[in-house]
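Student: Relying on the hints, combine the two individually framed chains into one complex.
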Amino acid sequence: MPIRVLIAKPGLDGHDRGAKVIARALRDAGMEVIYTGLRQTPEMIAEAALQEDVDIVGLSILSGAHLALVPKIRQTMDKSGLNDIPILVGGIIPDSDRPTLEAAGVTAIFGPGTSTEEIVAHIHKILTPKDTQ
Amino acid sequence: MNDLVEQLLNGNRRALARLLTAVENEAANRGEVLAALFPHTGRAWVIGVTGAPGTGKSTLVTALTKAYRAQGKTVAVLAVDPTSPFSGGAILGDRIRMRELSGDTGVFIRSMATRGSLGGLSRATRSAIRVMDAAGFDIILVETVGAGQSEVDIALAAKTTLVVDAPGLGDDVQAIKAGILEIADVLVVNKADRPGAKNTVRSLKTMLELGHPGSRSQVVAHHGQLLRVESNGVGNKDEVEAMWLPPIVETVASEGKGIGELIEAIDRHRHYLANDAALINLERQQIEIELYDRLREALMTRLLQKIPGNVFADVIGRIQAREIDPESAVMAVLAKVPDVS
Ligand SMILES: Nc1nc2c(ncn2[C@@H]2O[C@H](COP(=O)(O)OP(=O)(O)OP(=O)(O)O)[C@@H](O)[C@H]2O)c(=O)[nH]1
Ligand SMILES: [Mg+2]
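These protein sequence lines map, in sequence, to chains V and R. Going by our numbering, the first residue of the first sequence is number 13, and it counts up by one from there. Going by our numbering, the first residue of the second sequence is number 36, and it counts up by one from there.
For reference, chain R alone in the conformation it holds in the complex (with noise of 0.2 Å):
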């Protein structure tokens, strides 16, 4: 393993495919591996590219690619999929939309599935970003599905979220939800082309205007909830003036159109980040939340294992029978775990 780790840094590609599949499988030596990574990582621009179904992501995220390659940087995409509930499989499909991006050495596509395990995307997706962090790509590109909790998830991974909306997908309002708008640093009304076009954008920006200004940078989306985090600057006008708006770009991904425009709008969030300090204090509470969230699934396990098993069948058969509810059963157990109770 400690093979494959030199050879990534090297730049080997088919090391950085094996790794990706060692963290994505939560392999036994996973801990090693991305201890060995961590000093490395830390210097790609990671850009999440979320929202609803066929808004174009893919073929955004093609174009996107396009772009930084004619500036000599170096890309890798992580094209996330949900995993089917009845089957545990998956139809990883994104790279229908990547053809034009084969054969180029600086550009690395990974597909992923969900897998729906326990603190699925967010442990999965984070680690995976970090190899390909290692492995030395500038711009690290994540395409997830803006349907339910990965959408929200992604932005504790990246530096700058893109929420994508199209016109056509039905009522304008539903395609992009409250919490969603919340996380976007970018709004991107991809399908300019399309009739309708211009109703999307007077919708988002109404929507925009009625969350209060500045209410972006106070608030980080926590496992679908979004927390409000102690922000020095409430009530200080001239911090809130600082505060980053989310602009509204809108592309025609499928012809490259808007797509100088929407890599401007990310370069201009970059340099808001790195000139105003937010980018340490978002850095903060990523790393803040992540170790929470390890923490406490460190914790459970630890502590479920001090539950002797006999008292879940026991409490189980109690429950069925009437003879106690759930949650004084809850107390039950508890009082059983030593170092709890």
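One chain only, chain V, in its complex shape (with noise of 0.2 Å):
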């Protein structure tokens, strides 16, 4: 069955582009994404990934606001019962702000020039089979 990915733009600026071609490649893999638009709130990403039933959440963040955003989001979707639900971030992240991020909970973090192919392996990496079932 096709993995599902919810791709989300939390935060206040208003640039998509990367986040839409994040979308296509993925889609391009096989996966189906939920594409939700421009500042999502954290609790319209918990809502929409729970209706959804993905299997991945995936944020784009440019605006520097991941440090308060990123937590934000992981805590509303435990609350949720989402804690099984991995969070991926892409966008410009200092290293000095990694590990911050990682102990909130997130699996991956890509920075600009990644590579899709390399997003795509991750994703089939952590996603177990029982999770894709």
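One should not assume that every hint holds.
Said to hold, decoys possible - No farther apart than 20 Å at their CA atoms in a straight line, the calculated lysine to any residue pairs in the SDA-like style are these:
{"id": "1", "chain 1": "V", "residue 1": "K91", "chain 2": "R", "residue 2": "R48"}
{"id": "2", "chain 1": "V", "residue 1": "K32", "chain 2": "R", "residue 2": "G89"}
{"id": "3", "chain 1": "V", "residue 1": "K32", "chain 2": "R", "residue 2": "G128"}
{"id": "4", "chain 1": "V", "residue 1": "K91", "chain 2": "V", "residue 2": "E55"}
If you're looking for bench data, these hints aren't it; they were derived computationally from the structure.
Tutor: Listed below in structure tokens is the structure:
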């Protein structure tokens, strides 16, 4: 069965080109991508992840607000019982912030210039067959 | 799995999401799930929303949902988008237009890809609608892109079908094909704020008048074909006059204009069906077609299993060598299947 991925853009920045490129690459890799658009609040993301029963959530953050946003999104998802759904982050994330995000339960961080193949491979790796059935 | 069914019936949204996945994936236990849920279905009013890409279906679904919520009704949305035939993946983007609906526990939105499997849209969609129905929603809105098969299939699952058109899509007559017009219970001309809206309305009116009165209620869409259904009312003047003629409603979905009128038109259609016993007929026809579909599929699977595997390879080789033509080859294969020949 196709892997279902939620691609969301939290925060206030208005650029979703990167998110759309990722969405297309994941579709071309045979995944079903639920794309929710700009300015998603943590509540909106958790709600969409729950209703769409996705296997994984990808966040695209360019605004620099990742330290505020990502832990909040993780907590909101956990509160809805979605603690088993991994979160990936794409965007410009300084190395010094990585440990904080990883501690908040982010399984991978992809900076600018990451190849889409790498992202696809990562998703396949972390989703055990059990999750994708 | 029984736990999930129990939880769904108690209003648990994660259980609903999980069971939608189970029926969508045609999981091994889906028969069990649907059987357990079936007694709880048949209560929701299912509204199909179909039309060409970009006509404003998602925006319209959002506006309708808000209006129904204001009436205190709960709403589930099923947004169906095509699977890419090349990769098997899909981008499901209808939620972009539905962000206003977030945070309301009286609303549940699910995106679904057609997956192009055998019986594709109709079977998985029908099952998903039943799961939402059992979860107790008053209204189920099903958005499908009107490009080919899917919009015709939706008429088999919906009680009221809206066909959405909009000006500026090029040739109006092109935008709505005759087949899709025949499944419409209500025609919506959205983007009525745009130039050309009146022209769109006019050409739809003309197309409606060309169809003979009452043709709609005699037609059931089935796998892209429109089946004429026996009706005892044919030729009887009173009954022909009592038949439903699809109204044309103009809307500006992005501003919420015309939504009240649209809801009224849907209500009128609902009352028409209820008063006329037409609803029972419609349901019977839908059940009959679904049963026939499923039976045909099950029979095919069984019969195909009876064909010895080597027969295929042999016959393919002989066709390729021009020893036998494909039609004769089929007869030759059938001759080897017990119970058929
Ligand atoms: N001017 C105008 N624009 C509208 C109206 N309704 C929707 N739109 C715009 O039309 C575009 C398409 O709207 P959607 O609701 O996504 O259309 P759709 O039919 O769901 O599109 P697909 O799902 O891609 O087939 C968006 O930019 C909307 O903002 C309207 O009444 N007037
Ligand atoms: Mg849409």
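Student: Mind listing which of the numbered hints don't hold for this structure, in increasing order?
Tutor: Of the numbered hints, all hold.
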